[in-house]
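Protein chains in written order, with the working numbering: chain A, 1 to 257; chain B, 1001 to 1494.
Treat the hints loosely; a few may be bogus.
Derived pair list, reagent style DSSO-like, types lysine-lysine, alpha-carbon separation capped at 27 Å [said to hold, decoys possible]:
| no. | chain 1 | residue 1 | chain 2 | residue 2 |
| --- | --- | --- | --- | --- |
| 1 | B | K1383 | A | K77 |
| 2 | B | K1179 | A | K107 |
| 3 | A | K193 | B | K1044 |
| 4 | B | K1396 | A | K107 |
| 5 | A | K233 | A | K193 |
| 6 | B | K1383 | A | K119 |
| 7 | B | K1468 | A | K107 |
Derived by calculation from the structure, the hints in this document are not laboratory data.
Bear in mind the structure is a predicted one, so any value in this text is a computation, not a measurement.
The chain contents come next:
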Amino acid sequence: MIPDGEKGSTLRVALFITCFNDTLFPETGRATVEVLERLGVRVDFPLEQTCCGQMHFNTGYQREAIPLVRRFVNVFKDYDAVVAPSGSCAGMVRELYPMAAELAHDKRLGADVEELAPKVFELSEFLVKKLGVTDVGAYYPHRVTYHPTCHSLRMLKVGDAPLKLLRAVNGMDLVELPEAKECCGFGGTFAVKNADTSIAMLSDKLRHVLDTEAEVCTAGDNSCLMHIGGGLKRQRAGVRAVHLAEILASEATEERE
Amino acid sequence: MEIKAPDAFSGGRTPSFEESARESLADTQLRRNLGKATQTIRRKRAVAVEEMPDWEQLREAGRALKERTLRHLDEYLLQLEESVKRAGGRVHWARDAEEANGIIAGIAKSHKAREVVKVKSIATDETKLNEHLEGEGIEAFETDLAELIIQLAGETSSHILVPAIHKNRSEIRELFMRKLGARGLSDDPPDLANVARLYLREKFLGAKVGISGANFAVAETGTVCVVESEGNGRMCTTLPPVLVTLMGIEKVIPTWRDYEVFMQLLPRSSTAERMNPYTSFWTGVSEGDGPQEFHLVLMDNGRTEVLADEIGRQTLNCIRCSACLNVCPVYERTGGHAYNSVYPGPIGAILTPQLVGIGRPGSDSLPYASSLCGACYEVCPVKINIPEVLIHLRGKVVRHKQDEGSIKGKLDPENVAMKAMAKTFSDRRLYEGAQRAARIGQWPLARGGTIHRLPGRLAGWTEARELKPVPEQTFREWWRSRNGSAKDSSGAGA
């Protein structure tokens, strides 16, 4: 089950929970720890971590985001790998921190970012590409459809890593989501600033999710799932949104929600 | 939509994207027309690109060529001027739209032209040339079918390549019957095209002056190029005795050979064709063949400002293919009019605010008209990192608001909230305190395990989605309780 378990146990791995999951979706964090520990990875959680600054940076409050970028780099720079159950926040660090360092005109920060960025992984990437694992020993007897979130797909280019993990889950009926690659309409502050457009995008995503007749819609980002799940709940659609980590953490003996 | 609204380039105050999008989103016919059209062209483009084994290398070549050209733009423009003059053409330099319009109107008047025929040109839409000519007593006739449709309807373009994408066949049929007096007309595309053809043929034969834009112009030879599908461009650039081309300065390419790259990238990206039907090239004038007088107007109109911005300058790579519009989930739903600019969609959201300058309420909203999904960057044939430029411009908009020094800017609820949150996130104790406060503070909102309605601007969220309340225990509280206080240390070190 763990072909490269040795490697996992010797790596100094930090969990980057993201402020969003820490506060709103602790169950995703617990599931992430569970999956990693099951695979023999020793996970550390540096408590000094707060927010990577993505919301500020992407909304235009870049001056305000720079201290958060510095803070993140200081908290995580000494680890071998940093794993986040979020494609969006991992993408911020890996793809946008260099731009932030440049905006800050801070060469040292730039050098630190250059060293840290390649060590930051989204969970599915870490499992499949870094550890070389696809079967994490999960059991999840439900009909599930997977939404590839934009930042995991186009920014991090995780490819089919999440699908590889999902296909290896026992008891699961995985169904393809039509027009899967189209954005759900979340987009951070976009969902509030351009609520009407965001909702128009969401309504098409929900239609596709419902078309699959799945009972669970999963993804690697709770932000997009909060959007999709919030829409499903408002419609009393009878379909729930569950983070990928929680599916992977489920076992035959103690099935999670 | 019947009346031409002011856009970002007409000087007046324009509505924000949010306001205009709300209107467009409610138009069910528009949603249907756009959804159908963009999905069709998106699929076709994917097929046309798929068959190119070296597509990624071509994109990289296109990007590199544009980047190099822009780095030496001053030299290439002078070389172009030299080459055009050598071939018997005349070259004019226009600092802005007003100068460009003045030059073109002057040329038309010097030939006593009362009518001019035009090939589709966004540069002339940018300068509002038609309106300017009208003011000088000169009537401009659009000859591209879609441009003709919107001109007859008194509307503005809603797409870079397919200006009338927001209209369907039956709407066009009604328009032609009303405006061109066509009788017994069906909504069959060949029938509709025929009515336009008969109407336009007369204009082509009578006009003394033709006006075009330019897709490219070669510095080395002075050859100008227009890429089109209908043949109207060929007629406009060959039949009238005088030809005037308005071109943004970023359209120059160094050598004839560079076409090799762009002619592979452009048709596949725009119309999903291997090659477009008509590609016209002309170099100055040739005696006894085609126009005997050729004027090239090279226009800046904000472009050098864009060039000065290290992140923003890649916007000038754009070859106006419109692939980014067709894949954009925002554009697909709102349509082009919501952008209040001749440049709609993702490219418009970065080009418009840069050309007109940051600090205008209408166009300042454009960089926010995106969920940053990145689909545009993925298809861009010259690899413009549109999400990166969007984020960069959002930063400029916010900094402009903050540094302007107005009380309104400082007290803007978003600004206040963002600053407070940044402070909270900068200190672990403040952050953990805020987590506790959110849990306690949400009680008036959280009912039965969900938040049904949020106050203020956040109400946009709960308009269509429930919100999960803050749970009893944060992740870090769980971690601490699991690991005991021994783990309560900061920084690295497993």
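Measure nothing beyond the straight line between the CA atoms of K1468(B) and K107(A); if it is 27 Å or shorter, mark the hint as holding. Status violated; Cα separation ~41 Å.
Take a quick look at whether K1179(B) and K107(A) sit within 27 Å of each other, Cα to Cα. violated, 64 Å
Pairwise hint evaluation, K119(A) against K1383(B), where the allowed Cα distance is 27 Å at most: holds, 26 Å
Do the alpha carbons of K1396(B) and K107(A) lie within 27 Å of each other, as the hint requires? Cα-Cα ~22 Å, so holds.
Straight-line alpha-carbon gap K193(A) to K1044(B), limit 27 Å: Status violated; Cα separation ~33 Å.
Has the given pair, K233(A) with K193(A), been kept, meaning a C-alpha gap of at most 27 Å? Given pair K233(A), K193(A) holds - Cα atoms ~22 Å apart, limit 27 Å.
Given hint K77(A) paired with K1383(B) - CA-CA distance at most 27 Å: Not satisfied, since the Cα-Cα distance of roughly 31 Å exceeds 27 Å.
Checked against the numbered hints listed earlier, the structure breaks hints 1, 2, 3 and 7; every other hint is satisfied.
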